[in-house]
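Trainee: Here this note's numbering is used: the first residue of the sequence shown is 1, the next is one more, and so on.
Honestly, the hints are just simulated from the structure, not real lab data.
All values derive from a computational prediction rather than experimental measurement.
Treat each hint with caution, since some may be false.
As the list claims (entries may be wrong) - Once the Cα atoms are required to be at most 27 Å apart in a straight line, the calculated DSS-like pairs of lysine-lysine come out as:
id, residue 1, residue 2
1, LYS79, LYS32
2, LYS170, LYS32
3, LYS170, LYS4
4, LYS5, LYS32
5, LYS5, LYS170
6, LYS108, LYS170
Unchecked claim - With beta-carbon atoms standing in for the labels, derived distance ranges:
id, residue 1, residue 2, range
7, LEU14, TRP54, 17 to 27 Å
8, THR75, ARG107, 24 to 34 Å
9, LEU85, LYS108, 29 to 39 Å
10, LYS32, THR171, 31 to 41 Å
11, LYS32, LEU85, 12 to 22 Å
12, PHE48, MET1, 11 to 21 Å
13, PRO144, THR171, 33 to 43 Å
14, TRP77, ILE9, 21 to 31 Å
15, GLU119, THR74, 41 to 51 Å
16, GLU3, ARG149, 19 to 29 Å
Think of the CB as a built atom: it goes at the ideal place given N, C-alpha and C, for glycine as much as any other residue.
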Amino acid sequence: MDEKKLQWIEISKLFWVVLFASLYAWGGVEHKWLRRFIAPVVLSAGMFVYSRDWRAFIQAPVMMFTLAMGYGATTVWGKFGRRLLWAVCNQTSSMIFPFAQLINHMRKRTGGEWLAEAEDTLTLFILHLLVGVLAIVVLGLFNPLPSARVEELCIGTLIALCPMFGTEVKTKDSNA
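Sequences and hints are given; from them, build the entire structure.
Mentor: Here it is, written out as C-alpha cells:
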C-alpha cells in the first residue's frame, strides 16, 4: 500500500476516536447508556473496519463493564483510589483487541519474528496505561481544563486513541 493511502487510512481513524469520545462525554451529561453501551461498540466497530477481524468485538462487553464502574467519592484519597482503579481498568480493557492481534501473530510465526511485534504492542500498552492513567487521575482530581465537558472529551480520547491507532490495518497484500 502506498504511503498516501496509508496516511489517509490513519487520519480516518480519528473519526472513530472522536465519535467514541463524543459518546463518552454525552454519557456524562445524560443518557449513561451512550457511554456504557454504545461507545464501546463504536470503538470495536472502528477497529473491525480496519482489521476485518471479528475479535475486535470481544473487548466491547469488557469495556461496558469497566465504563459502568463508579469513580466518585467524598474524600480526596477516596477519589484518588477510585479514579486510579477506574483508569487502570478502562485503559487495560480498551487494549484487549490489540493484544488479541498480537497473540494471533505469535501463533502464526516461529522463531523470533513475533518478538519485535510483541515489543511494539507492549510498548504501546505501557504508554497507553501510564499516560492515560496519570492524565485521567489528574483530570478527575484537579480538572485544570475549562469545564467538565472538556475533561470528559479528553478522557474519552485518552481511552480510544492508542487502541485505535494500535489496530493493524488489513490490506489486500497482507497475509494476516
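Trainee: Evaluate each hint against the coordinates.
Mentor: Against the structure, the hints come out as follows:
At roughly 20 Å between alpha-carbon atoms, LYS79 and LYS32 fall within 27 Å of each other, so this suggested pair holds. The straight-line distance between the Cα atoms of LYS170 and LYS32 is roughly 33 Å, outside the 27 Å bound, and the hint therefore fails. Restraint check for LYS170 and LYS4: satisfied, since their Cα atoms lie roughly 16 Å apart, inside the 27 Å limit. Restraint check for LYS5 and LYS32: not satisfied, since their Cα atoms lie roughly 37 Å apart, outside the 27 Å limit.
Annotation: proposed proximity of LYS5 to LYS170 holds, straight-line Cα distance about 13 Å (limit 27 Å). For the suggested pair LYS108 and LYS170, the alpha carbons sit about 16 Å apart, so the restraint of at most 27 Å is met. A C-beta distance of roughly 23 Å is found between LEU14 and TRP54, which places it inside the suggested range of 17 to 27 Å. For THR75 and ARG107, the hinted distance range of 24 to 34 Å is not satisfied, since their beta carbons lie about 47 Å from each other.
In this structure the hint that LEU85 and LYS108 lie 29 to 39 Å apart at CB holds, the actual value being about 35 Å. Between LYS32 and THR171 the Cβ separation comes to about 38 Å, which falls inside the hinted range of 31 to 41 Å. Checked against the given bound of 12 to 22 Å, the beta carbons of LYS32 and LEU85, roughly 19 Å apart, stay inside it. The hinted window of 11 to 21 Å between PHE48 and MET1 holds, with their beta carbons roughly 19 Å apart.
At roughly 41 Å, the beta carbons of PRO144 and THR171 sit within the given window of 33 to 43 Å. Between TRP77 and ILE9 the C-beta distance comes to about 44 Å, which lies outside the given range of 21 to 31 Å. Between GLU119 and THR74 the CB atoms are about 43 Å apart, so this pair conforms to the stated range of 41 to 51 Å. Between GLU3 and ARG149 the C-beta distance comes to about 37 Å, which lies outside the given range of 19 to 29 Å.
Comparing the model with each earlier hint shows violations of hints 2, 4, 8, 14 and 16; every other hint is respected.
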